[in-house]
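Peer 1: Fit chain W to the given chain B structure using the hints.
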Amino acid sequence: MKNKYLFPVILFLLAVALPFIVPEFWVHVLTEILIMGLFAASFNMIFGYMGQLSFGHAAYYGVGAYTTGLLMVKANVPLLVCLPLSMLSAGLCAAVLGYFCVKLRGIYFAILTMAFGQLVYYIIFQWYSFTGGDNGLQGIVPPAFLGKAANPYYFFTLIVVTLGMIALWIISESPFGYTMRAIRDNAERTEFIGINVQRYMHLNFIIAAVFAGLAGALWGPFNRSVAPDLCSWQHSGMPVFMTVMGGPFNFLGPLIGSAIYTLLMAFVTSFTEYWPMVSGIVIIVVVLVMPGGLLGLLRDRLPFLRQNVGRAKETNG
Amino acid sequence: MDDTGKFVLQIEGLKKSFGKYKVLTDVSYSLPKGEIAAIIGPNGAGKTTFFNLITGYHHVDGGTVHFLDRNITNWPRHRIARAGVSRAFQVSNIYPRLTTYENVRQAILAQKKRTLNIFTPAHRLARKNTLDLLELTGLLSHGDTLAGILSQGDKKKLELALALAGKPELLLLDEPTAGMSSEETHETMELVKRLNREIGLSILFTEHDISVIFGYARKLSVLYQGMVIAEGTPEGVRKNEEAQRCYLGEEV
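If you read the sequences in order, they're chains B and W. 1 is the number of the first residue of the first sequence in our numbering; add one for each residue after it. 1001 is the number of the first residue of the second sequence in our numbering; add one for each residue after it.
The following block holds chain B by itself, in its conformation from the complex (with noise of 0.2 Å):
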C-alpha cells in the first residue's frame, strides 16, 4: 500500500472500531463528527482548492437535509433514495444561486454567498406550509433496517461519508481539481491557457454544494428532526472553523477539524453553557499559532508524519 494512503485507512479503520469501545453518547457524537466532515470537506472545494471564502455553505446543507426531511415525512420516499435527490436539489440551487457568486471574488463573493444563503434561510423559516417554518421537521426516522440504536445509523454513516469522501478526493486529484488549484493560484493566468475561470468556478460550486446536501441528508434521519438553522449563516460558519482548524490545505484537514470541534463541543458543553466563548479563544489560538491548522503544524514539526500527511493529500498551499 503506498504510504499517502496510510493515514486515511488509519483513520477508517479507527472509525470502524471506536463504536465498540465507546459509550453510546460518543457514538453520536462521532455521527456528528462524520457528518459534518463531509459538510467541511465539501466547503473546502470552494475554500481550500479554488480560493473563495463561500460563507452560506449551509444554504446547500440546509436543502439537503430539508429535501430528505420532506420527501421522509411528507411522501414516506426510502431514505436511500433521499440521499441522491438530496445531491440534486442542493446541486440544483447552487447552480442558480452559484451562477451570480462566481462574477464575484474575494469579500464580494463571501458577502454574496452569505446573502444568498440568508434567502434560503428565511425562506425555508417563512414558509410554514411547506416546511413547518421555525418549527422545522420532525419525525425524520431512519429506516427499519438500521434499527433504533446508534451504532448502525453511525455505520450507515461512515459508509455513504467514505464514499462521499473519496469522490471528493478522486475530483481533487483529477485535471479539474488542478484547475481549481491553478484557478485559486493564479485566475488570470488561468484564462490565459484557454480556461474560462467563471465557468469552471460554477461547477465547482455546484460539486461543493451537492457533497454539502449529501452531509444535510444524512443530518435528518440522525437529529430526528430538521430546522431552519441549519441553513443559517453561523451554520455557514462551522464549516469554516473546522477547515481551519483542521487545515484547509490539506485534503483531510476538514475532516480532522470536524472531529476537534465537535468533540471539543460535547466534552464543554458537558460542564458549562459558554462554549460559544471557548469556541471563540480556540480559533484564535489556531489562527495565531497554526495558521495551517493542526494537519499544517504536524506536517511542519513532525518530518515522520510528512509522507503520511503531506503533500499527497495537500491541496499545494
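Just so you know, these hints were derived from the structure itself, not from any lab. Please note that a few of the clues may not be correct.
Example chain B residues on the side facing chain W (calculated, C-beta under 10 Å, incomplete) [what the hints assert, rightly or not]:
(1) Leu119
(2) Tyr122
(3) Ile166
(4) Ile171
(5) Glu173
(6) Pro175
(7) Phe176
(8) Arg181
(9) Asn186
(10) Arg189
(11) Thr190
(12) Ile195
(13) Asn196
(14) Phe249
(15) Asp300
All residues carry an ideal CB built from backbone N, CA and C; glycine is no exception.
Peer 2: Leaving out everything else, chain W in the frame of chain B:
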C-alpha cells in the same frame, strides 16, 4: 480583408484610453505568417497595452484585431487563447504554489481540453508532453520545484513554457528575457528562433535589449506615444531618423 490569408495578425485603427490618458491613438499593424517581429519603444509607449488589447486583457475602445481569418476584437481571453494566440507576460505570471511540472501539465491539459475530466488522476495524463516541454525550455531539472521559488530567469522560462503549451499559431512575448542572465537570454532567444524556423510559429515580441532586438527580429516597429512611428526591416528602422530621435538615440 483581402490580405487575410497572408497575415497571422492584422490590426487596424486600434485605440485605447484610460480615463483622459490616451495610450494607443491609432495603431495599425500587420504580421505576416511565420514572421518573427519586435515592437520596440520607450517605457510607457503602449507596448504592453498593445499586447493586452490583442489578447483580450483590456477592452478595445476602437479599431479591429484580426487573427488569421477571424475578427477577435474584444473576445474573452480564454477564447482568444483557444483560438491560437498565446502570451508570455513581462512580469512572470505563473502558479506559484504548484510545482514547475504541474504548471506545465496544467497548460497542456487545458490545450488538450482535458480539464473537465473529474475521474482520471491528473498525474497519469500528459506525462510525456509535459516532460518534453520542460526539456525544451530547459526546466527538466526543476520539475519538482515549487514554481514560486524558482529563480527569476527560470520563472521567465516557465512563462514561455506555459505559452508554448497552448500550441499557438501566434506567440506574443512581452520582454521575454527580462531578468535573465546573458547566457539564459541567448538560450531563450535561440529557442524562440528555432520554434519560428522549424514549426513556422509566428512570433511578436517586445524587448529593450537592443542586441536581442536586432539579433532576432526580421521586422521591427517603433511605438511612440501610442503610435507606430517607424516600421520595416531592422536595418531600415535603424536608419530612420524619427526612430533614432524618439527611441534608438545614440545606442545604435
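Peer 1: Going through the numbered hints above, which ones does this structure break? Give me the numbers in ascending order.
Peer 2: Result: hints 1, 2, 3 and 15 break, sorted rising.
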